[in-house]
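Student: Spelled out, the chains give:
Protein chains: 2
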Amino acid sequence: MKYCFGVDIGGTTVKMGIFEENGTILDKWEIPTVVANEGAAILPDIASAINGKITERGLKKEEIAGIGVGVPAPVTSAGIVNGTANLGWKYKEVKRELEESTGLRTEVGNDANVAALGEMWKGGGEGEKNVVMVTLGTGVGGGIIVDGKMLVGAHGAGGEIGHICVNYEETEKCGCGNKGCLEQYASATGIVRLARRQLENETRSTILDRETVTAKDVFDAVKAGDEVAKDIAVTFGRYLGHGLATIAAVADPAVFVIGGGVSKAGEVLLSYIKEPYLEKAFFAHRDVRFVLAKLGNDAGICGAAKLVLGD
Amino acid sequence: MKYCFGVDIGGTTVKMGIFEENGTILDKWEIPTVVANEGAAILPDIASAINGKITERGLKKEEIAGIGVGVPAPVTSAGIVNGTANLGWKYKEVKRELEESTGLRTEVGNDANVAALGEMWKGGGEGEKNVVMVTLGTGVGGGIIVDGKMLVGAHGAGGEIGHICVNYEETEKCGCGNKGCLEQYASATGIVRLARRQLENETRSTILDRETVTAKDVFDAVKAGDEVAKDIAVTFGRYLGHGLATIAAVADPAVFVIGGGVSKAGEVLLSYIKEPYLEKAFFAHRDVRFVLAKLGNDAGICGAAKLVLGD
Chain A
1 MKYCFGVDIG GTTVKMGIFE ENGTILDKWE IPTVVANEGA AILPDIASAI
51 NGKITERGLK KEEIAGIGVG VPAPVTSAGI VNGTANLGWK YKEVKRELEE
101 STGLRTEVGN DANVAALGEM WKGGGEGEKN VVMVTLGTGV GGGIIVDGKM
151 LVGAHGAGGE IGHICVNYEE TEKCGCGNKG CLEQYASATG IVRLARRQLE
201 NETRSTILDR ETVTAKDVFD AVKAGDEVAK DIAVTFGRYL GHGLATIAAV
251 ADPAVFVIGG GVSKAGEVLL SYIKEPYLEK AFFAHRDVRF VLAKLGNDAG
301 ICGAAKLVLG D
Chain B
1 MKYCFGVDIG GTTVKMGIFE ENGTILDKWE IPTVVANEGA AILPDIASAI
51 NGKITERGLK KEEIAGIGVG VPAPVTSAGI VNGTANLGWK YKEVKRELEE
101 STGLRTEVGN DANVAALGEM WKGGGEGEKN VVMVTLGTGV GGGIIVDGKM
151 LVGAHGAGGE IGHICVNYEE TEKCGCGNKG CLEQYASATG IVRLARRQLE
201 NETRSTILDR ETVTAKDVFD AVKAGDEVAK DIAVTFGRYL GHGLATIAAV
251 ADPAVFVIGG GVSKAGEVLL SYIKEPYLEK AFFAHRDVRF VLAKLGNDAG
301 ICGAAKLVLG D
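Protein sequences appear in the order of chains A and B.
Going by the UniProt record's numbering, the residue at position 289 of the first sequence is 289; the numbering climbs one at a time, nothing skipped.
Going by the UniProt record's numbering, the residue at position 247 of the second sequence is 247; the numbering climbs one at a time, nothing skipped.
Incorrect hints may appear among the rest.
[As the list claims (entries may be wrong)] Stretch by stretch, here's where chain B covers chain A in the computed footprint (C-beta under 8 Å, at least three residues):
{"#": "1", "stretch": "44 to 54"}
{"#": "2", "stretch": "151 to 158"}
{"#": "3", "stretch": "238 to 252"}
{"#": "4", "stretch": "280 to 291"}
[Stated by the list, open to error] Here are the simulated lysine-lysine pairs, PhoX-like style, with alpha carbons at most 25 Å apart:
{"#": "5", "chain 1": "B", "residue 1": "K294", "chain 2": "A", "residue 2": "K149"}
{"#": "6", "chain 1": "B", "residue 1": "K60", "chain 2": "B", "residue 2": "K2"}
{"#": "7", "chain 1": "A", "residue 1": "K274", "chain 2": "B", "residue 2": "K173"}
{"#": "8", "chain 1": "B", "residue 1": "K216", "chain 2": "B", "residue 2": "K264"}
{"#": "9", "chain 1": "B", "residue 1": "K2", "chain 2": "B", "residue 2": "K230"}
{"#": "10", "chain 1": "A", "residue 1": "K223", "chain 2": "A", "residue 2": "K264"}
{"#": "11", "chain 1": "B", "residue 1": "K129", "chain 2": "A", "residue 2": "K129"}
{"#": "12", "chain 1": "A", "residue 1": "K60", "chain 2": "A", "residue 2": "K28"}
{"#": "13", "chain 1": "A", "residue 1": "K274", "chain 2": "B", "residue 2": "K179"}
{"#": "14", "chain 1": "A", "residue 1": "K129", "chain 2": "B", "residue 2": "K223"}
{"#": "15", "chain 1": "B", "residue 1": "K230", "chain 2": "B", "residue 2": "K274"}
{"#": "16", "chain 1": "B", "residue 1": "K149", "chain 2": "A", "residue 2": "K179"}
{"#": "17", "chain 1": "A", "residue 1": "K149", "chain 2": "B", "residue 2": "K129"}
{"#": "18", "chain 1": "B", "residue 1": "K61", "chain 2": "B", "residue 2": "K28"}
{"#": "19", "chain 1": "A", "residue 1": "K2", "chain 2": "A", "residue 2": "K149"}
{"#": "20", "chain 1": "B", "residue 1": "K179", "chain 2": "A", "residue 2": "K179"}
{"#": "21", "chain 1": "A", "residue 1": "K173", "chain 2": "B", "residue 2": "K274"}
Worth flagging that the hints you see were computed from the coordinates, not collected in a lab.
Glycine is no exception: its CB is placed at the ideal position from the N, C-alpha and C atoms.
Between the sequences and the hints, there should be enough to build the whole structure, so can you do that?
Tutor: This is the structure we're talking about:
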């Protein structure tokens, strides 16, 4: 077994890579995700891209460990998806379909869990076996690695941490219908919401504009020494840090890997999370590291490859 | 391999059992836990009890799969304990010591995690591979089973859920120094605290006595139709249900097994937990069962046995 494929299915494109066993990426490319017709073409398109790459490189199937796949939906341990928000799929036997169309062993996981596995293998969590990855993007996603393996859970929804309640007094509703979800404070849109709240009655001068403010603006302003922006970052960090303390009580990670668009703010982001984390963490969970994700858009294909390579 | 030993080390007694591979308990007994002299005698006492039982029954070591042990402290995946509250141990290589003194393979886990494994194997979680056990006793303990295995974590402190924050507005301190911990509402002492708060300014008639009230009194009064007691149970259930929704977001269990002294109240207890759980649970985690623990004091020795028997 010298090679394997890592596949990261997104709503717009499918990212694909061919890896050597040691983790070296030999080649990576993308194909469009054709969601029309309930996403019927997605898996056949992936299979023909893989079969094409095998022919192009003159590989033998015996040299290939298999195909790992990340899917933006809960995935059961049998590699089955029961509905997706972005792909058009309803019930879909991803593992079985790809194994039949490629003749290669296929392992499938939820994309956030798979990205966490990638960051454990080759990214911010390298060298650790207990990792929590938190993705701060449009929403808040999570992936949890326990003893080197993805926490899949009974419904394929382990580590779905975006909607844990971190504020039981919140009055505004989250998109999920609940109130006080982590996503309302720590996602890019959540940070904008916090900024607008702060700016509504703000009397101090600030470089932030209430109408156009973005999450990036907030952390750029923090770096520029803007006191109003710092207060917004403190609020963001308090809710996220408290939320992570709760997650640590359950999963007891060695490291939190913070990724997603918001994490591009850099190390300054982590400084706002650590203190409130330590404020709420149980003593046994205080010795934990906070690091930024390292793999960016490659986390998905790397983790998918690792899924099929195993320990 | 026909037999194995399950050992549950407590602060006062060590519970021990000899099991057949299928889970049948052939014999169980207790020895005192001698905590004097930094607990130096505890492991030698266990080893001689096991060696004695092997001789007594005329067993051969080749017939014995090994010894599983539950310890009331965090335990690393290498079977090492770094300090205990009740046993006098500081650094203790439990696995290595017992393997050397008995010649039998030994596996060691935290007692709450081990009890959860027992309940998965033969108790309330039977048939499931993703189980969260919550022990409502003097404190609140937790044990988490993911895909049939204990969630040990980086510090041996996975599932230490007693101190997750479920009320960020709490003003009274928990024993851990924080405020708003699950244990302040859902343990036996937490329920007494809630009852006393409720009874302080209560004008309705009630059978509860503010000076002498116990957790058992509260649920006995609930069963007798006492409206004040029902309000206390609602408060208890709200904090616990909300806390379990957070735990589900991380661990995604199929079933919550509720054990410990407080759970002797029976099914009525579960009825107060379910509704607030569903109020806060993310949609993917709503399909979960709540059951009472079934094994009582045997959960520890059963889980310990399972630890060494494996899948």
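Student: Now tell me, hint by hint, if it's right for this structure.
Tutor: Okay, the hints, checked on the actual structure:
1. 44 to 54: The restraint on the stretch 44 to 54 of chain A is violated, since only 0 of its residues have a Cβ under 8 Å from chain B and three are required.
2. 151 to 158: Three-residue rule met by the stretch 151 to 158 of chain A, so holds; n is 8.
3. 238 to 252: holds (count 8)
4. 280 to 291: The restraint on the stretch 280 to 291 of chain A holds, since 7 of its residues have a Cβ under 8 Å from chain B and three suffice.
5. B:K294 / A:K149: 30 Å, violated
6. B:K60 / B:K2: Holds, at roughly 10 Å.
7. A:K274 / B:K173: Answer holds: K274 of chain A to K173 of chain B is near 22 Å, not above 25 Å.
8. B:K216 / B:K264: Measuring from Cα to Cα gives roughly 8 Å; hence the hint holds.
9. B:K2 / B:K230: 50 Å, violated
10. A:K223 / A:K264: 13 Å, holds
11. B:K129 / A:K129: 21 Å, holds
12. A:K60 / A:K28: Holds, because 19 Å separates the two Cα atoms, which is no more than 25 Å.
13. A:K274 / B:K179: With Cα atoms ~18 Å apart, K274 of chain A and K179 of chain B stay inside 25 Å; holds.
14. A:K129 / B:K223: Roughly 47 Å separates the two Cα atoms, so the pair is violated.
15. B:K230 / B:K274: At roughly 15 Å apart (the allowed maximum being 25 Å), K274 of chain B and K230 of chain B satisfy the hint.
16. B:K149 / A:K179: With Cα atoms ~33 Å apart, K149 of chain B and K179 of chain A exceed 25 Å; violated.
17. A:K149 / B:K129: 15 Å, holds
18. B:K61 / B:K28: 19 Å, holds
19. A:K2 / A:K149: The hint holds at about 22 Å.
20. B:K179 / A:K179: 21 Å, holds
21. A:K173 / B:K274: 22 Å, holds
The structure is inconsistent with the numbered hints 1, 5, 9, 14, 16, although it conforms to all the rest.
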